[in-house]
Structures are given as C-alpha cells and as structure tokens.
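**Q** Chain residues, written in single-letter form:
Number of protein chains: 2
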Amino acid sequence: MASVKRLYKADSNLGNPLNTNFDVDFVIDYRFATTGKAEAEAQFVKLIESLNNVGLATEVRNGDNCAVLIFVKIASDQHLKAEVYRSRVQDWLYGVRAAAPEKQMQKNLKDEPVTQAERLRLVYLLITKPKNEGGAGITPKSGEWKGVESVFALHDNTFNKAWIKELSSKYWLMAEDFNVIKDRFGEKIAYYFSFLQSYFLFLTFPAIFGFCAWILLGQFSPIYAVVQSLWGIVFVEYWKKQEIDLAVQWGVRGVSKIQHKRPAFKHESIVKDPITGEDIKVYSPMKRLARQLLQVPFAITVAAVLGSLIAGCFAIEIFISEVYDGPFKSYLTFLPTVILTTVMPTLSTLLTGFASKLTDLENYETVDAHEAAMIQKVFVLNFVTSYLPIFLTAFVYVPFAQIIVPHLDVFQLAVKPFAESEKQMEAPKAGFQINPDRLKKQIIYFTVTAQIVNFALEVVMPYVKRKVFVKVKEVKAERAAKRGGTSSPTADDHPEESEFLARVRSEAELGNYDVTGDFREMIVQFGYLSLFSVIWPLVPVSFLINNWIELRGDALKIALETQRPVPWRADSIGPWIDCLGFLAWLGSLTSAALIYLFSGDGLGPEGSPWNIKGWGLLLAMFFSEHIYLAVKLGVRNALSKVDSPGMQKERGERFLVRKQYLAESMGQEEAEKAATGGIAAGEKISRSTLEYAATLGGNGTPEERFWQRQPGQQETIAAGRKYIQKKAAPTESKDTESKKEL
Amino acid sequence: MASVKRLYKADSNLGNPLNTNFDVDFVIDYRFATTGKAEAEAQFVKLIESLNNVGLATEVRNGDNCAVLIFVKIASDQHLKAEVYRSRVQDWLYGVRAAAPEKQMQKNLKDEPVTQAERLRLVYLLITKPKNEGGAGITPKSGEWKGVESVFALHDNTFNKAWIKELSSKYWLMAEDFNVIKDRFGEKIAYYFSFLQSYFLFLTFPAIFGFCAWILLGQFSPIYAVVQSLWGIVFVEYWKKQEIDLAVQWGVRGVSKIQHKRPAFKHESIVKDPITGEDIKVYSPMKRLARQLLQVPFAITVAAVLGSLIAGCFAIEIFISEVYDGPFKSYLTFLPTVILTTVMPTLSTLLTGFASKLTDLENYETVDAHEAAMIQKVFVLNFVTSYLPIFLTAFVYVPFAQIIVPHLDVFQLAVKPFAESEKQMEAPKAGFQINPDRLKKQIIYFTVTAQIVNFALEVVMPYVKRKVFVKVKEVKAERAAKRGGTSSPTADDHPEESEFLARVRSEAELGNYDVTGDFREMIVQFGYLSLFSVIWPLVPVSFLINNWIELRGDALKIALETQRPVPWRADSIGPWIDCLGFLAWLGSLTSAALIYLFSGDGLGPEGSPWNIKGWGLLLAMFFSEHIYLAVKLGVRNALSKVDSPGMQKERGERFLVRKQYLAESMGQEEAEKAATGGIAAGEKISRSTLEYAATLGGNGTPEERFWQRQPGQQETIAAGRKYIQKKAAPTESKDTESKKEL
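Quick note, the sequences are listed as chains A and B, same order. Per the working numbering, the very first residue in the first sequence carries number 1; after that it's consecutive. Per the working numbering, the very first residue in the second sequence carries number 1; after that it's consecutive.
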C-alpha cells in the first residue's frame with residue numbers, strides 16, 4: 001500500500017475524471033419544479049449575478065428532475081488571498097490568534113498555506129453571508145431562495161478512499177489523523193472524531209475492569225461502581241482539559257466568540273453601541289428569558305407523554321408476562337414492544353419538531369446560541385426515551401411490584417379477546433415473586449441489541465436505500481432514452497465531463513451530515529455506562545467494540561452517504577460537555593441506589609427488595625453524591641497542575657509577541673530584560689543626581705532641606721555609623737540601669 | 001466642612017510638619033539591638049548601597065530602642081517614570097490592559113497620571129524584589145536582612161482625617177469612594193471595602209425580611225429559609241460578577257497572572273522553558289501534591305482536637321446545668337466557658353502556626369498561591385471553631401440527649417469536690433426533657449455578643465494599648481533625659497523635623513494591617529447567616545448593624561492603628577469567594593435539617609425531637625440541596641445575560657484596538673468594514689478576470705476547459721435559461737407519461 005501520508009496529501013487533479021473536481025468549490029442545486037418558468041428564470045439570473053458580484057465565477061449545467069447545477073469557484077487567486085487574510089486578521093482581533101498576522105499579506109499566506117477547509121469555509125461564507133456583511137446572502141430553502149435546494153462542496157474521492165482505508169487499517173487514530181480531518185472537514189467534525197477516539201481509548205479501562213468484575217464480583221458490586229464513577233470523573237475532566245488543548249493546537253481557541261449571525265433572527269430594535277458605535281440589532285433578553293422558561297413545561301410534557309406511554313407498555317408487558325397465563329401468551333408478550341416501536345418514533349419526531357419550534361421562538365442572534373438551545377431540548381427528549389424504562393424497572397417495578405401488580409387487572413381488556421377464563425387474568429393477591437432478571441435483560445437490550453440495530457439503521461440502511469434509488473433512476477433514464485426523450489439531463493453533457501456530472505448529480509441527491517446527531521448517540525451511550533453499568537459490568541465491553549466500529553462507520557457515512565459537510569470551525573464540543581458532566585454526576589446517585597436496592601443476588605438487604613429502609617437508601621445516595629463531588633474537585637485540581645503541549649504552545653506564542661513588541665518599543669537589550677520577568681534593573685544613580693539638592697544651599701522647601709542633609713551616599717553612611725556607634729555600645733548598660741530603677 | 005473631594009485630593013505638602021511627609025516614599029526600620037556593632041555597621045552600609053544601586057535616594061535618622069530609620073525616596077523623576085512605564089507595558093503584555101500603552105513614554109504618563117498607590121507599589125517592589133529582577137532584594141526579617149524590622153510607607157494624615165470623616169458621615173460608599181481607597185491603599189484593600197459594602201447593602205433585605213419573619217413566622221420557618229438561601233445564591237453570584245466588573249473598571253483584570261515570586265521558594269532544579277528559553281525554577285508538582293495531601297490529616301486533627309475540646313466542655317456544661325443540682329451550681333456553670341476561653345485561643349494559635357508551617361512545606365513559587373493555600377487551612381480552622389458548637393447542639397445534643405445524658409456521669413469528678421451527695425450528680429435515668437432554648441441562646445451569643453466582643457478586641461483594645469505604650473515611653477524618655485542620657489533618640493533631631501520624626505518613630509512601632517483577617521471575619525459571619533439563621537431570624541439584623549460599624553472600624557484601624565499598608569493590586573477577593581459558595585451550599589443542607597428537626601416549637605414533627613424519621617430528614621436535605629443547586633445554575637445563567645459597565649468598557653477598548661490596528665494594516669475605508677462585522681465585500685470581478693480562460697482556447701487542462709465553456713456572466717445565464725426552458729415546460733407532461741407507464 002502506497003504511503004498513506006502521500007495519499008492524504010494527494011489533491012484531486014489526477015486527470016481521472018472520477019477524481020477530478022474541475023476546481024469546483026461549491027455546487028448550488030437550484031430547483032424550479034414548483035415555480036413558474038418566468039419566475040424561475042428571473043430568480044436564476046439574480047442568483048448568477050449576486051454570485052458574480054461577490055467575486056465568484058460560475059458555470060451552469062443540467063441537473064436531475066428539473067434542476068440546474070451551478071458550479072461556483074472563487075474567481076481570482078488574488079480575491080481568495082484577500083478573503084483569507086481578512087478572516088485571519090479578524091481571528092487575531094478576536095484573540096483567536098496570539099500573534100498578529102504579518103502585515104504583508106503575501107508573506108502571511110506563504111508562512112501559513114490555505115487549507116481546503118479554510119478555503120471552502122470562506123467560499124461558503126461568501127455565498128451565504130448577508131449582503132451587508134459582504135456575502136451573496138443566499139439562504140438555501142428559505143426566503144426568496146426557496147429554489148436553492150442545497151449548497152454543497154464536492155467530495156474528494158481520492159482522499160476519501162485513502163482516508164477510509166487508513167482508518168480501517170489502524171487500531172486508533174493519531175494526532176496527524178485528526179489534523180487531516182480538520183484540514184478537510186473542519187474543526188467541528190475533527191472534534192467529534194477526536195472525542196470519540198479519546199472516549200474509545202478511555203473505555204478500554206472500564207472494559208477490562210468490568211470484565212474482571214463480571215467474573216469475580218458479579219453484578220451490583222460496590223467496588224465496580226466506585227472505580228467506574230471515578231473513571232467517569234477522570235474522563236470528563238480530562239476531556240474538558242483536552243478540548244481546550246486541541247483548540248490551542250488547532251489555532252481555534254476562542255473561535256466561538258466569532259459568531260455567525262442567524263439570518264432568521266428577528267430584532268425588536270436597532271441600538272447604537274454606546275462605545276463602539278456599531279449598530280446592534282437587539283431582542284430584549286427578558287422577553288427571551290420568558291420564552292426560555294417555556295422549556296420547563298416542555299420538559300414536563302415530554303416526561304409526561306413519553307413517560308406515560310413507556311409506563312403503560314411496561315405495565316402491560318408485566319401484566320402479560322407475570323400475571324396473564326392464557327393462550328397466545330408467548331405472542332402477546334410482544335404486544336407492548338410493538339406498540340412502543342410504532343408509536344415512540346412518531347411521538348419523538350413530533351416532540352423534536354415542537355422543540356425546534358420552541359427554539360426558533362426563543363429567537364437567538366447567533367447560530368451557536370440557537371444550536372446550544374436546541375441541543376438542550378434534544379437532550380431532555382433523549383434522556384426520557386433512553387433511560388426512563390430502566391428507571392421504571394429499577395425504582396418502581398422492583399421495589400413496589402408487590403403493591404402494583406395486583407392493580408394491573410386494568411389491563412385485562414388488552415388480553416380479554418384471548419383469555420378463556422377470568423382466572424387466567426387475575427393477579428395473584430399475594431406471594432408474587434418479582435423477576436430480578438428483568439433489569440439485566442433490559443440493560444443488555446439497550447446496550448447491545450439497540451446499539452447494533454442503531455448502527456444498521458445509521459450506516460447499512462441508507463447505503464441500501466441509495467443503491468436501490470440509483471437503480472430506479474437508471475431504469476427511468478433508459479425508458480426516457482428509449483422514447484428519445486431529449487429531457488434526459490445527461491443528454492447534452494460534454495463527454496469529458498459526463499462522468500463528473502453524473503457524480504455531482506448523485507451527490508446532489510444525498511442528505512447532509514449532522515454531527516450533533518452522532519454526538520447525541522455517544523452522550524446517551526455514556527449515560528448508560530455511568531447510570532446503569534453496575535447492573536451488568538459487561539456494558540463497557542460492548543461499548544468498546546461498538547465504538548471502534550462506530551468511528552469507522554461515521555467516517556464511511558461522511559465519505560459516501562452524505563454531501564461533503566461544510567468545514568465549520570469550533571473550539572469545543574459545545575454544550576455536550578455539560579450533558580456528560582450531568583450524567584456522570586447522576587451516575588453517582590443511581591449507582592449507589594441500585595447497589596443498595598439490589599446488593600445480594602438482585603434482592604434487597606432484607607432479601608426482598610421491596611421493603612428496604614428508606615433512610616438507608618437515601619444515606620447511601622447522599623454519601624455517594626458528596627464523595628463524588630469532592631473527588632471531582634480534587635481531580636480537576638490535580639489535572640489543572642499538569643502542563644500540556646497546547647498550553648506550552650500558547651505560552652510560547654505570547655512570549656514571542658511580548659519580545660517583538662518590546663523590541664520595537666524599547667531597544668533590544670531592554671526588551672530582553674522586560675520580557676523575562678518584568679522590570680529591568682534601575683540604572684545606578686550618578687552622584688550628581690543625589691547632590692543636586694546640595695546646590696540649593698540652605699534655602700528651598702522643607703522637603704528639599706530634609707533631603708539635602710545627607711547629600712550623598714557617603715554622608716548617609718557616615719551619619720548612620722554615628723548613630724550606631726552611639727547606641728550599640730551603651731544599650732546593655734542602659735537597659736540594666738532602667739531595670740534597676742524599676 | 002470643606003468640600004470632601006478637595007480634601008480627598010489634598011496631597012501632603014501643606015508645610016504643617018504634622019502633615020508633611022517630606023516626600024518620603026518608604027521608611028526602613030533597621031534594628032541592631034541583637035547584633036554586634038561591627039556587623040551592624042557593615043550590614044547598614046550594605047543596605048544603603050543596595051538601595052542607592054537601584055536608584056533610591058536615602059536619608060538616615062535616629063530611631064527608638066537601638067534602631068535607625070532609613071528614609072527612602074525614588075532618586076529622580078525620570079527614574080520613576082521609567083519604572084511606571086515598564087510596569088504598564090508589562091501589564092499590557094500580560095493582557096491586563098487592552099490597549100497597548102503609547103510608545104512615547106511621556107505621552108502615556110501624561111494621559112494616565114501616576115497614583116500614589118502605583119508609586120508606592122513600584123518603590124516597594126524596587127526595595128524588595130530579588131536582585132536578578134532588578135530590585136534591591138531586601139526581605140524584612142528574613143535571611144541576611146534579619147535586621148530590617150519593617151519597610152513601611154508613611155500615613156498621609158490630612159487624607160486620613162478627611163477619609164474617616166467622609167466615611168463616618170455617609171450611610172454607604174459610592175464608586176468614587178472606592179476609587180479613592182484604590183488610589184491610596186491599592187486594589188486589594190479597595191476590594192475588601194467594596195465587598196463589605198455590597199454585603200452590607202445586600203444584608204438590608206434579609207434584615208427586613210428576617211425581622212418580619214421573626215414577628216410573623218417565628219423561628220424555623222421554611223419560608224424564611226427558602227428566601228434566605230435564595231438571597232445567598234443571588235449575593236454570591238452577584239459578587240462573582242461584580243468582582244470581575246470592578247477588575248475591569250479599575251484596569252486590573254487578570255493582574256493575578258503577574259505573579260510575585262516568593263523569596264522563600266526552594267527550587268529542585270532549573271529547567272529551560274522549551275519555547276521561551278526562560279530559566280524556570282521548578283519544584284515537582286507531584287511532590288507538592290503529596291505534601292498538599294497532608295491537609296487531610298491536618299483537617300482531621302483540627303476537627304478532632306478542637307472538636308473534642310468543644311464537645312467536652314459542652315458535655316460538662318450540660319451535665320452541670322441539666323443534671324447536677326448541688327451547691328455552687330450557678331458558679332460551676334461557668335466552668336466550661338472558662339476552660340474554653342482559656343484553652344481555645346492558645347490551641348487555635350498553635351494550630352494556625354502549624355498550618356503556616358504546612359503551607360511553607362508545600363513550597364509555592366508565588367505569593368498568591370502561598371496565600372491561597374494558607375487561607376484554605378485557616379478557613380478549616382475557623383469552620384470548626386465557629387460552627388462546631390452549634391452543630392453539636394443542633395444535631396447531637398437535641399436529637400440524642402435522651403441517650404447521651406445518662407452517660408454524663410463520667411463528668412462527676414468535675415464537680416465531686418462541691419457535691420454533698422451522690423444523688424446530686426446522678427443523671428435522671430429517664431423522662432429527661434431537653435432544653436430547646438439552648439440552641440437559640442447559642443446563636444444569639446455567636447451572632448451578637450461575640451461580634452461586639454470581637455469589635456472591641458479589634459479596634460478599641462489596640463487603641464488603648466497604644467496610648468499606654470506611648471505614655472510608658474515618655475516616662476522612660478524623661479528618666480533618661482533626667483540622667484542626662486544622650487542616648488535619647490530625639491536628642492539630635494533637627495527642630496524642623498522633630499515632630500515629623502516623632503510621628504515616624506511611633507508609626508514604626510505599629511503592627512501592619514492584614515486584610516485577610518478582616519475577610520475571614522466577614523466570611524465566618526456569612527456562614528452563621530446561611531447555616532443557622534433559621535434558628536433566630538434576627539441574625540441578619542444584628543449583622544447589618546455590626547457591618548455598618550465594622551466598615552468604619554476597619555478604616556479607623558488602617559488609618560490609626562496599623563502602619564500604612566503596601567498598596568497591592570488584586571483582581572478578585574481570591575479564594576474567599578469559594579468559601580462563600582461552599583457556606584451558601586452547606587446552608588441549603590443545614591437549614592433543611594434544622595427545620596425538619598425543630599419545626600413546631602423547637603421540637604420534632606412527633607413533638608419529641610429525638611425520635612424523628614431518618615429518611616424524612618435525609619429526604620428534606622436531599623431535595624433542599626438539589627433545588628438549591630438547580631436555582632443556583634438558573635441565577636448564574638440569568639446574571640450572565642445582564643450587561644455591565646465593566647464589560648462595556650472592555651468591549652469598547654477592544655474595539656478601539658481593532659480599528660487602530662486595521663487602520664494601520666489596511667487603509668481607513670477597509671478598516672471600517674473589517675472592524676464592524678469582519679470580512680468586507682469582495683470587489684466586483686471585471687469581465688477580464690472571467691475571460692482569461694477564453695484566451696487559452698481549446699487547449700489547457702480539463703479544469704481550464706471546464707471553466708471556459710461559459711466564459712462570462714452572459715454565457716452562464718444564457719445556458720441556464722436554455723436548460724430551464726427545456727425542462728420547466730415539459731415537466732408535467734413527462735411526469736404524467738411516466739406515471740402512465742408505471
């Protein structure tokens with residue numbers, strides 16, 4: 001296999017039409033199926049013009065199902081350079097770069113070549129930024145640009161092939177792999193991969209330990225719980241440090257301060273900034289706060305709706321499996337699962353839609369704020385859907401089964417049609433034994449089965465779908481061709497381009513990649529680990545395996561199944577880190593509770609889990625939580641002491657700036673001093689300085705007279721000597737005298 | 001009374017010898033009572049020389065009990081300016097100042113006059129900084145400079161008088177008052193006063209509310225607890241924001257990054273910094289961590305030692321007051337108090353000494369780190385001494401009295417000598433009623449009596465002591481004079497200076513002001529409020545009154561009873577804020593517990609406080625804590641939304657720097673664009689740019705050919721039109737056709 005490095009670096013100009021992108025930066029997929037011809041044309045012209053106006057060259061080609069593909073590249077090298085330089089200066093102004101960029105544009109660009117990610121990002125901004133900020137102001141799918149279906153960059157197949165090969169051929173990724181990702185797909189995605197990577201590496205420990213625990217300690221082992229939650233603390237704190245470190249290494253520290261305005265933002269009024277004099281579009285924060293408070297009812301609704309659904313199905317399942325013993329029992333057991341799998345997804349999509357509506361309502365100025373708010377709500381949704389079932393089993397079913405089961409008769413109607421006699425549906429009034437395995441079974445389902453299913457849905461499914469889709473298209477095309485339909489888009493493709501265009505057309509059909517979705521998955525997974533893994537210590541093992549595949553799968557997804565993502569920058573994984581912290585903290589509570597409830601063959605301390613002592617349970621949780629918080633503090637403290645490459649880099653850069661500035665402001669030799677440890681040694685005072693006073697003679701202010709009494713060093717020393725002479729000797733004697741007197 | 005402002009501004013050159021300081025910056029009190037004459041002289045000469053070497057002018061005069069007073073001022077105005085400028089540049093380098101100081105020294109100094117605090121700070125640094133950093137390296141009381149008793153600045157009496165008058169004449173201080181304090185005594189002390197001030201203002205609310213609660217709700221009211229702890233959250237979060245804001249307004253934001261090296265720091269090895277090439281003295285952090293872990297046993301010891309002492313006295317007291325009923329009971333009741341008041345102070349001073357030893361052992365590089373570590377330990381000490389007694393009463397005595405009291409017979413020996421019969425000392429085996437008032441009494445003692453006593457010790461006592469001391473000295477002096485002892489220091493004072501020198505000599509005798517002590521007081525006070533004020537809602541009222549006096553008292557202390565403090569800078573109140581947070585958080589636990597335990601006339605829910613339900617108690621605490629944490633998060637969030645003058649200032653400065661830089665780097669007009677909202681609009685591409693491709697003709701790379709197919713805007717538009725024409729019309733018909741086919 002050829003040197004991976006070389007393949008990585010390989011750019012697309014390899015002649016081979018499947019690989020070349022003809023220098024295209026972005027493709028705009030403009031559709032006019034629904035619009036009238038005249039309007040479509042007018043809008044198209046407008047589009048081309050506004051693109052050219054911001055210095056973008058355009059080519060147009062035919063697209064599938066009444067669309068044209070507009071190929072965009074930045075018109076002149078000069079223009080690109082200007083853009084790059086401006087953005088770098090802006091970075092510096094916002095404190096993203098420590099060192100001010102060289103004032104000579106060319107030099108700066110030579111020192112720091114433009115990466116693909118940087119180029120694409122800037123071009124994309126040129127296309128989408130509002131006019132007043134110097135962009136073409138094209139907002140896909142919204143406003144006057146409804147016609148613009150998507151604005152996407154073209155995949156670099158040569159690179160993608162090499163990349164996938166590389167990833168699947170090594171056990172874990174190195175720093176340079178992330179650099180490659182960052183230079184191709186932007187920091188935001190690089191962050192995802194590097195997070196997934198560290199998470200994967202960290203998992204090895206609990207996986208091994210969990211396996212041993214599974215063999216030696218069995219489930220609900222306090223030792224495992226302690227180790228696991230300690231691990232959780234270390235991981236979260238480590239990542240907090242690591243993400244800053246990466247930001248510095250990638251030179252994007254604080255990039256989140258450079259906010260992209262949301263086109264959808266509606267401002268109430270425009271205020272002149274008192275100092276900067278900038279016009280700021282404002283929306284009263286109080287109003288927003290009020291709307292944000294809607295999240296509380298939202299969360300409650302979510303919990304209520306999904307909760308009742310889950311609880312309901314759960315109850316039915318218990319009723320059928322534990323109470324009912326008529327015919328078809330084996331089939332009926334699946335009834336609740338069926339209900340869940342059909343109703344749940346629709347419900348959650350519904351709620352997600354509602355959440356995004358809510359977020360729009362909150363009307364944030366910037367994209368980041370908007371995203372963050374959305375993530376919060378999504379997290380709540382996922383929290384309920386993913387963890388509630390287990391909470392129900394662990395903290396409702398097991399402790400209170402005795403009380404609940406008898407009342408489950410309400411669900412008789414669910415099975416009435418099948419039961420022969422009332423008896424079959426009667427709950428045993430007493431002596432009902434709960435089934436302690438249920439919990440474990442559930443965990444295994446969520447942490448193994450679900451993961452696999454999920455992966456299938458995520459990677460395999462779309463692949464198949466796509467293949468089918470392509471086939472259908474071909475068939476259609478053939479038919480059209482048979483009927484000599486000139487309307488086939490490929491008709492007037494230039495032979496040299498045809499393959500290329502075919503590729504572009506198929507890429508135009510792809511969905512776009514959403515990194516938050518992948519993040520969500522990982523966070524939820526971490527949740528299972530920290531909340532419930534005491535129930536079944538093999539959880540981390542399953543995750544370890546899953547994540548190795550997950551990482552490659554996601555890479556595959558990006559390379560083959562989605563349009564090339566816009567390479568956005570980021571300086572952290574954003575609000576997800578808080579979710580992690582929250583889950584780790586909650587874990588300290590649940591683990592303690594679970595252990596207390598189930599310690600001893602899945603039954604409570606008194607052998608029967610449902611009459612445990614409340615205060616004991618609470619005490620266990622109370623201590624575990626506060627120990628957790630204390631340890632967390634300690635770990636954070638310890639980690640903060642450790643130096644890291646990123647910090648070193650930062651220090652280094654700051655130092656350089658310092659010296660340079662000082663060199664300018666106060667000759668070289670001074671600079672040396674001042675830069676290293678501050679104030680330089682004061683120059684020795686010439687006698688003259690001290691004696692100027694003497695010249696004044698007896699006259700002058702009292703101050704002058706005071707300072708002239710000992711005009712020079714010699715005089716001062718002499719005077720001092722005199723005093724000491726006089727004192728030092730008689731001291732003792734005098735003291736003794738005074739003693740005598742007293 | 002003359003305009004306060006003027007008095008504030010008044011500098012000391014008023015001729016009146018009591019007010020003038022003869023331009024003296026610092027006085028060095030050099031004592032040689034214990035050293036031999038020769039050595040004393042040599043050291044003295046060395047002292048003078050090293051002072052002159054760093055550009056300080058010196059005068060020497062006679063001091064009390066074998067000491068000479070060395071008067072120091074910066075030799076030349078030029079030299080001062082250089083120092084000021086260097087320090088300002090350094091500030092900028094460390095990011096303390098947003099805007100780079102004008103490169104022309106003179107201009108910068110004109111724009112920003114040197115404050116007294118700045119001048120004194122720099123001179124003090126000149127005197128004390130190690131030689132290699134350009135100072136004279138004089139370390140009072142340590143190393144070769146054991147002889148140097150103290151290095152102190154002289155009080156500005158005119159200002160002090162005006163200041164005290166001002167403070168005592170207004171109800172609360174304004175921003176300008178703090179500015180004055182900052183310019184005279186430095187930011188660190190200004191922070192203390194401004195903290196005390198905000199605390200005082202915030203107290204008004206709980207004071208009023210508490211008073212109402214006391215009348216309407218009585219003690220242990222949940223409502224009061226909720227309101228009070230909400231108040232606590234708001235106060236702590238507010239201050240966190242406020243202290244940053246002040247730092248920005250005072251231009252010291254991030255000043256804590258400029259660390260002063262500890263002379264006492266012992267380094268293991270010297271490492272060259274990989275990047276900066278600076279020599280760094282390092283001490284292995286692991287070793288330090290190991291030593292820091294000693295704090296755990298330390299804390300335990302403290303708790304154990306003081307705890308057992310307190311518990312012991314407590315038990316004896318109970319025994320005597322509740323069990324014993326022989327003669328002298330009334331007197332014996334004081335026995336424990338006597339023990340406490342005698343043993344406790346000695347013990348805690350002992351432990352404090354131990355703590356400082358421990359801190360030295362931890363061997364920090366910088367003064368700040370050292371201080372922070374010390375504060376931690378001091379906090380632990382104070383926590384035990386201040387709160388443990390109440391904890392004992394509330395959570396041990398009241399709930400478990402029934403169990404404990406019978407076992408108190410062990411203390412019989414304490415009273416044996418007085419008792420007539422065994423009976424008098426026998427604990428009632430049963431039916432013992434605990435005394436619910438005890439708790440309230442204790443609180444009142446700690447929050448009223450103790451505060452007053454404390455104030456007396458702090459302000460009145462030293463004043464008296466000083467007066468006495470002066471008297472004694474005079475008497476001695478007279479005696480000496482009578483015996484014609486030439487050894488009286490005042491003997492050869494120049495008449496013009498004599499009064500001034502007398503003042504200096506007395507100031508030399510004063511102790512120096514320690515702001516951390518005052519902080520400690522306030523934090524401990526806040527603790528009582530947040531931990532126990534549910535017991536007696538009048539607590540905040542008492543504190544409100546106390547703090548009004550406290551603030552003035554502290555000012556008085558600084559002005560009259562201590563040497564003028566060195567005006568250090570600071571950008572926060574340091575680790576104290578964490579202590580505040582901790583106490584507020586702990587309050588959420590204790591308040592809940594207290595209410596649960598005592599709700600209903602100081603007795604438990606079942607009427608008798610000692611058989612409460614454990615789980616109920618824990619549940620109450622559990623909820624209260626987590627609600628607390630949630631609310632805290634919310635409040636922090638809400639506050640972060642609010643804009644503040646400090647932030648505005650910062651933004652403004654940053655904006656100016658931006659514009660200025662851009663103006664330099666890319667003409668004015670560009671700057672406008674780039675500064676407001678980043679990248680400027682790309683210039684319209686001339687047709688030539690687009691057409692360069694055409695010139696190439698059919699040859700050239702595939703890319704070139706691709707981009708030349710539609711050389712200009714017109715061509716592109718035309719092509720697009722064609723496609724649309726062809727498609728838009730037939731679309732429907734074709735679709736229907738294909739439908740037919742299927």
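Hints should not be assumed to be uniformly reliable.
In this list, chains with the same sequence are indistinguishable; a pair is considered to hold if it fits within one copy or across any two.
Below, a list of computed lysine to aspartate or glutamate pairs in the EDC-like style, where the Cα atoms sit at most 20 Å apart [to be verified]: (1) 261 to 360; (2) 473 to 715; (3) 441 to 493; (4) 329 to 279; (5) 726 to 625; (6) 726 to 492; (7) 641 to 365; (8) 165 to 39.
Everything labelled a hint here was simulated from the structure, so no lab data went into it.
**Q** Each hint needs a verdict: does it hold in this structure or not?
**A** Status of the hints after comparison with the structure:
| no. | hint | verdict |
| --- | --- | --- |
| 1 | 261 to 360 | within (14 Å within a copy, 52 Å between copies) |
| 2 | 473 to 715 | neither (105 Å within a copy, 30 Å between copies) |
| 3 | 441 to 493 | neither (58 Å within a copy, 96 Å between copies) |
| 4 | 329 to 279 | neither (70 Å within a copy, 79 Å between copies) |
| 5 | 726 to 625 | neither (70 Å within a copy, 70 Å between copies) |
| 6 | 726 to 492 | between (114 Å within a copy, 12 Å between copies) |
| 7 | 641 to 365 | between (37 Å within a copy, 13 Å between copies) |
| 8 | 165 to 39 | neither (47 Å within a copy, 80 Å between copies) |
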